[in-house]
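Visitor: In case you want the letters, here they are:
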Amino acid sequence: MQYSKKTTDLAAEIVTQCTACGRCMKDCLFLQNNCETPKAFFEKVVQGQEIESVVPYSCLLCGHCQFVCPQKLQLDAAFLSMRQDLMAQQKQLPLKALKGVLFHQKFSTSALFTTVKKSGDKK
Amino acid sequence: MTYGFMAGCSLSSSKPQRVGDAINYLQQFYPDLAVIQACCGRPTRMIGQEEKFQERFGNLTQMIKGAGVDELIVACQGCLRTMRDEDRFMTSSLWVKMAELGLPTQCLNKAKDSEVVFSIQDSCPTSQMTEIHEAVVYLLKQLGYGVAKSRLSGQNTLCCGMGGMCGVSNPNLSHDVAQQRVQSFKTDYIVTYCASCAFAMGVGGGKAWHLLDLIFGDVVQLGDTPTPSALGNPVKAWANRYQTKRVIQKS
Chain A
1 MQYSKKTTDL AAEIVTQCTA CGRCMKDCLF LQNNCETPKA FFEKVVQGQE IESVVPYSCL
61 LCGHCQFVCP QKLQLDAAFL SMRQDLMAQQ KQLPLKALKG VLFHQKFSTS ALFTTVKKSG
121 DKK
Chain B
1 MTYGFMAGCS LSSSKPQRVG DAINYLQQFY PDLAVIQACC GRPTRMIGQE EKFQERFGNL
61 TQMIKGAGVD ELIVACQGCL RTMRDEDRFM TSSLWVKMAE LGLPTQCLNK AKDSEVVFSI
121 QDSCPTSQMT EIHEAVVYLL KQLGYGVAKS RLSGQNTLCC GMGGMCGVSN PNLSHDVAQQ
181 RVQSFKTDYI VTYCASCAFA MGVGGGKAWH LLDLIFGDVV QLGDTPTPSA LGNPVKAWAN
241 RYQTKRVIQK S
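Residue numbers (UniProt numbering), protein chains in the order written: chain A, 1 to 123; chain B, 1 to 251.
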């Protein structure tokens, strides 16, 4: 997998700065299930090693890791950037399950389910 | 100054009646309130389709500006975070707005005889918007409910399990996160101000109410159980979303 410059830059920043203190791991099941430390995980990304698509797509993107990180590292931004690379580089969806999101978004933004009641419009 | 209101997808899909209640409430202060039902496109962004997201968010921005809205009052923390990240129009949180405007008189202290103490599941997209956390605690106290402290709350909150599209891409992990979240609270009664969080807390085996149900619905007593979220039933959820559209058009 060839990651974009944006992804490798974000990953390299984590590899350089992460002190493996474990604060982000303490309460995050996603990190606990998928890495020893963020430093070790993103070393694989920098090296371009194959990582299953489901891994970046499992991050909850909640930002808790960044809040507790003494270095304020943006793990969520790195995982999102990996998703963008997967979307851009693959002809098929990175995960079949994402079809549901495409469908959901198409309907959510369709005329059938949207409406605007302008300011001052009466009943 | 023209105000608008947007409930967001998950609330529209789960609670048409409460969207109507929020509109009625806001109309008392802003009789010319505009109302938008649309999607901010956050899920599109989260699965990695940034260009498509920009197109969708651009359409939403046009809708809001076309409705003459100067400031949009938003009930969904995912929408609010997306809008503030994009910063193309003024926004405020419904919860902060309600704390500022004050609850309807009949709501004040209505739960004073209830022994229920709530733990708050703070929404993760707005984890760094502390004014929202303060407003929610204030509103609960105004209603007369007890509020339990939790280590993983406010800025230190954790995701309910539905964040980042994890519920779709990794349902097993999503379920485990939801369960862990429910167990992290010291009380059995959980309150959320996000309809997806409320759904997730149910998935994780918890008893969770949406804040709008506490404000506009019956007082919760010990032993009560919440109505299961419609978000677990896609047919019901889309039917609700259509019904919310009708509620808005008739408001």
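The set of hints was computed from the structure by calculation and includes no laboratory data. In this text the structure is predicted, and so the values were computed from the model without any measurement. Hints may be right or wrong, so weigh each one.
Unchecked claim - To give a feel for the contact side, a few chain A residues facing chain B, derived at Cβ under 7 Å: (1) Asp27; (2) Ala40; (3) Gln84; (4) Gly120.
To be verified - From the derived model, a few chain B residues whose C-beta atoms are all more than 10 Å from chain A: (5) Asn24; (6) Gly68; (7) Glu86; (8) Met90; (9) Leu103; (10) Cys107; (11) Leu108; (12) Val137; (13) Gly144; (14) Val147; (15) Gln155; (16) Gly163; (17) Leu173; (18) Asp176; (19) Arg241.
All C-beta atoms, glycine included, are put in the ideal place defined by N, C-alpha and C.
Visitor: Look at each hint and say if it fits the structure.
Guide: Okay, the hints, checked on the actual structure:
| no. | hint | result |
| --- | --- | --- |
| 1 | Asp27 | holds, 6 Å |
| 2 | Ala40 | violated, 20 Å |
| 3 | Gln84 | holds, 4 Å |
| 4 | Gly120 | holds, 5 Å |
| 5 | Asn24 | holds, 12 Å |
| 6 | Gly68 | violated, 5 Å |
| 7 | Glu86 | holds, 15 Å |
| 8 | Met90 | holds, 14 Å |
| 9 | Leu103 | holds, 24 Å |
| 10 | Cys107 | holds, 25 Å |
| 11 | Leu108 | holds, 29 Å |
| 12 | Val137 | holds, 19 Å |
| 13 | Gly144 | holds, 31 Å |
| 14 | Val147 | holds, 21 Å |
| 15 | Gln155 | violated, 6 Å |
| 16 | Gly163 | violated, 4 Å |
| 17 | Leu173 | violated, 5 Å |
| 18 | Asp176 | violated, 6 Å |
| 19 | Arg241 | violated, 5 Å |
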